[in-house]
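Trainee: Going line by line, the protein sequences match chains B and C.
According to our numbering, the first sequence is numbered sequentially starting from 1.
According to our numbering, the second sequence is numbered sequentially starting from 1.
The set of hints was computed from the structure by calculation and includes no laboratory data.
Please read these numbers as outputs of a predicted model, since none were measured by experiment.
Some hints here could point you the wrong way.
[What the hints assert, rightly or not] List time: in silico EDC-like cross-link candidates among lysine to aspartate or glutamate, alpha-carbon distance up to 20 angstroms:
1) C:LYS79 with B:GLU112
2) C:LYS139 with B:ASP146
3) B:LYS120 with C:GLU32
4) B:LYS45 with C:ASP287
5) B:LYS123 with C:GLU32
6) B:LYS45 with C:ASP23
7) B:LYS120 with C:GLU159
8) B:LYS349 with B:GLU112
[As the list claims (entries may be wrong)] Stretch-level coverage of chain C by chain B, calculated; a stretch enters the list once three of its residues show a Cβ under 8 angstroms from a Cβ in chain B:
9) 192-204
10) 273-285
Every residue gets a Cβ at the ideal spot worked out from N, C-alpha and C, and that includes glycine.
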Amino acid sequence: MKYLSGISLFALTLALAVAGCTKSQSGGSVSSNTTAAGGGGSSAKPRVGYVTNGVASFWVIAEAGCKQAASEVDANVEVLMPAEGISDQKRMIEDLLTKGVDGIAVSPIDPENQTELLNKAAKYAKLITHDSDAPDANRLCYIGMDNYTAGRMCGKLVAEAMPDGGKLAIFIGRLEQDNARRRRQGVIDEILGRSEDPSRFDPPDAEIKEGKWHIVGTYTDQFDRAQGKANAEDAMSRHPDLNGMVGLFAYNPPLMLEALKQGNKLGKVKVIGFDEADETLQGIKDGSVYGTVVQNPFEYGRQSVTLLAGLARGKSLADLGVPADGFVNIPARQIRKDNVEEFWAELKKNLGE
Amino acid sequence: MKKILGIFGLLVFICVMTALMSDRFLTEFNVENLIRRTALFGIISIGASFVIITSGIDLSIGSVVCLIGCLLPWMLVEKELGVPLSLLLVVGISLAIGLSHGLLITKMKLQPFVVTLCGLLLYRGITRGLVQDQTQGFKSGFSTLRELSQGQMPLPGTEFGIPNPCLILLVVAILAIIFLNFTIYGRYMLALGRNEEATRYSGINTDRMIILAYVICGMLSGLGGMLFVLDVGSAQPVDFGSFYELYAIAAAVLGGCSLRGGEGTIIGVVIGAAVMQVLKNSITLIDWIPTNIEYAVIGAVILGGVVVDELVKRFAAKRRAMAQANQ
C-alpha cells in the first residue's frame with residue numbers, strides 16, 4: 001500500500017513536469033524564444049555565456065576581460081567554470097541554452113567528442129570557441145592562440161636558458177587536451193630543432209635523448225596541485241643531476257619553485273614556465289625563473305564577449321573584423337627579466353588591483 | 001511514505017522557488033535535461049541504496065563509472081570489438097566487480113569501507129593505465145547505441161519526449177521496488193541490515209544476500225557508467241565520474257536510507273537524486289546566485305531541508321503525545 005501511493009506520487013511528479021512543459025510551450029520553446037530575443041534588435045541587452053574548461057586563476061583574468069567587455073558593449077555576461085570535468089561542462093552549456101542566452105563562448109574540454117553538444121548549442125545560440133578550438137563543430141570562429149607556436153616560443157626560452165643543453169623534465173596538468181598536447185610538442189620540437197609539425201606526438205613517459213638534450217619525461221598531475229608538487233620532488237630525487245624544469249600549466253611553475261626551495265636547489269635548476277602566476281613573475285624578478293610564455297586570457301574574455309554581443313546585434317563576422325579562416329589570433333608573448341615589470345603592471349591594471 | 005514526504009517536499013520547494021525566479025526552468029528543453037540527469041544519477045543511487053540497506057557502503061561507484069565509461073568507447077573504437085561483445089564485457093566486468101566486493105566482505109570478513117575504498121583506487125588506476133590517460137570517445141559514431149542515453153520516447157500529442165534513461169530508470173526502479181518489498185529475498189535484505197546476527201540465526205543465508213547487494217550495486221554502477229558515457233560522448237580517465245559515489249550515497253541517504261542499514265525506499269532515493277540535480281540546475285538558471293558557491297548552496301539547502309524535516313517530525317510526535325495524554 002505504502003508503495004502504491006509512492007508510485008502514484010512519482011507518476012504525479014511526472015505528470016506535473018509534463019504539464020509544466022506543455023504550458024511553457026505556449027510561451028515558446030527554447031528555440032523560438034532565442035530567435036525572439038535575437039529579433040528584438042539592438043535595444044535589448046545581449047546575453048552572453050562564457051564557459052571555461054575548469055576552475056583556475058587563468059580564468060579569473062579572462063572573467064575580468066569578460067566583465068570589461070560587458071560594460072564596453074552593454075551586454076550581460078555570465079562566466080561559468082565547470083568544477084567536475086566534461087559532464088559538468090555539458091550541463092552548463094545545456095543550462096545556458098535553457099536560459100536562452102544569445103551567444104556562448106566555450107573552451108571545449110574534449111572537442112573531438114563534443115561535436116554533437118556544440119552543434120546543438122550552435123543551433124540555439126551564436127557559438128564561438130576560445131582557448132581551445134573545435135574545428136569540426138559549427139562554431140562561428142575561434143579566439144585564442146596556436147598552442148604549438150606558443151610551445152615553440154617556450155622551447156626557445158629553454159634553449160636560451162640552457163645553452164649547453166642538459167637534463168630536462170616537463171610538467172603539465174594533463175595531456176588529453178589538444179592545447180596541452182600541442183604546447184608540449186612545441187617545446188620538444190623547438191629544443192630538438194625539429195621541423196614544424198603539430199601532429200607529431202612523443203609518448204609522455206618515454207625518455208628522449210638527442211644531441212645535448214636529455215628529456216627525462218613528462219609528468220602529469222591531473223590538476224591535483226599536491227600531486228603536481230610531488231611530481232616535481234620525485235623528478236628531482238629520481239634525477240639528482242636535473243638541469244632544467246619546464247612547467248606548462250599556469251600552476252606548475254609555482255609548484256616546481258616550492259619543490260626546488262625545499263630541496264635547496266633554487267637557482268641551480270633552470271625553471272621555464274608558462275602563463276602568469278604571481279609566483280612565476282616574482283621568480284623572474286628574483287632570477288629563480290628564466291622566463292615564461294604568457295597567453296592573454298584577458299583578451300580571450302574581452303574579445304569573446306565583444307564578438308558575441310556584436311553577432312547578437314545582427315552584425316556579421318566580417319563587420320566585426322574576424323578573418324575569413326575564423327581564427328582570431330591573440331598571440332602569446334615571451335616574458336623575461338627585462339619586460340616582467342611592465343607586463344605585471346599591465347596585468348594588475350586589467351584585474352583592477 | 002512519511003519518510004519520503006520530507007524529501008519530496010524539499011524537491012517541490014526547490015522546483016517552485018526556481019520556477020518563480022527563472023521563467024526558463026519549466027521549458028521543455030530544461031525539463032528534459034533534468035529528467036535525463038536525474039535518471040542517470042538515480043540509477044547509480046539505487047545501486048548505492050541496496051548496499052546501504054545491508055548497512056554496507058560502496059565507495060567505488062565513481063571509479064566503476066569511470067572504468068566502464070572509458071572501457072566502452074575504448075573497446076568499440078580502439079579495439080573494434082563490436083557492440084554485442086563490448087556490452088557483454090561491460091556486464092561481465094560490472095558483475096565481477098560486485099561479486100568480488102561481496103565475497104571479500106562476507107567470506108574474508110573485510111570491512112566494506114576498506115574493500116570499496118581500495119576499489120575506488122584500483123579501478124581508476126587500472127583505467128588510467130589501460131587507456132594511457134587518453135580521452136576515450138565515440139568520435140561521432142555509434143549513434144544507434146548512443147540513442148540509449150540521448151534518445152527519447154515521444155509522448156503522443158505533445159512535442160515532449162521522455163528521455164530514454166528515464167525509461168531505463170523506471171524499469172530499474174520498479175524491479176528494485178518489487179524485489180525489496182514483494183519478494184522474500186528483499187525482506188531478508190532489509191532484515192539483515194537491521195540486525196545481521198538475528199537474521200542469520202533465523203536460518204537465513206545472510207552472506208548470500210550481502211553478496212547479492214554488492215552485485216546489484218556493481219551492475220547498476222556499470223549500467224550508470226555506460227549511460228553516462230553514451231550521453232556525454234567521451235570520458236577522461238582522470239576525472240570521469242569522480243565524486244559520483246558521494247552523490248549516489250547522498251541521494252540514498254536523503255531518500256530515507258539509514259547508513260545504519262535496514263531502511264530505505266527506492267522512490268525516495270530517486271527523489272533524492274533529483275534534488276541534487278535540480279539544485280545544480282537552479283544555481284545556473286538563477287542569475288543572482290554566483291555559480292562558484294554552488295557546493296555551498298547545495299550543502300545549505302539540503303541541510304536546511306533535513307533540519308526542517310526533523311523539526312516537523314518532532315512537532316508532530318509531540319502533538320501526538322499531547323493528544324494521547326489528553327484522552
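Trainee: It remains to establish, for every hint, whether it holds in the given structure.
Mentor: Here's how the hints hold up against the structure:
no. : hint                   : result
1   : C:LYS79 with B:GLU112  : 18 angstroms, holds
2   : C:LYS139 with B:ASP146 : 23 angstroms, violated
3   : B:LYS120 with C:GLU32  : 14 angstroms, holds
4   : B:LYS45 with C:ASP287  : 15 angstroms, holds
5   : B:LYS123 with C:GLU32  : 17 angstroms, holds
6   : B:LYS45 with C:ASP23   : 17 angstroms, holds
7   : B:LYS120 with C:GLU159 : 17 angstroms, holds
8   : B:LYS349 with B:GLU112 : 37 angstroms, violated
9   : 192-204                : violated (count 0)
10  : 273-285                : holds (count 4)
Against the hints set out earlier in the document, violations occur for numbers 2, 8 and 9.
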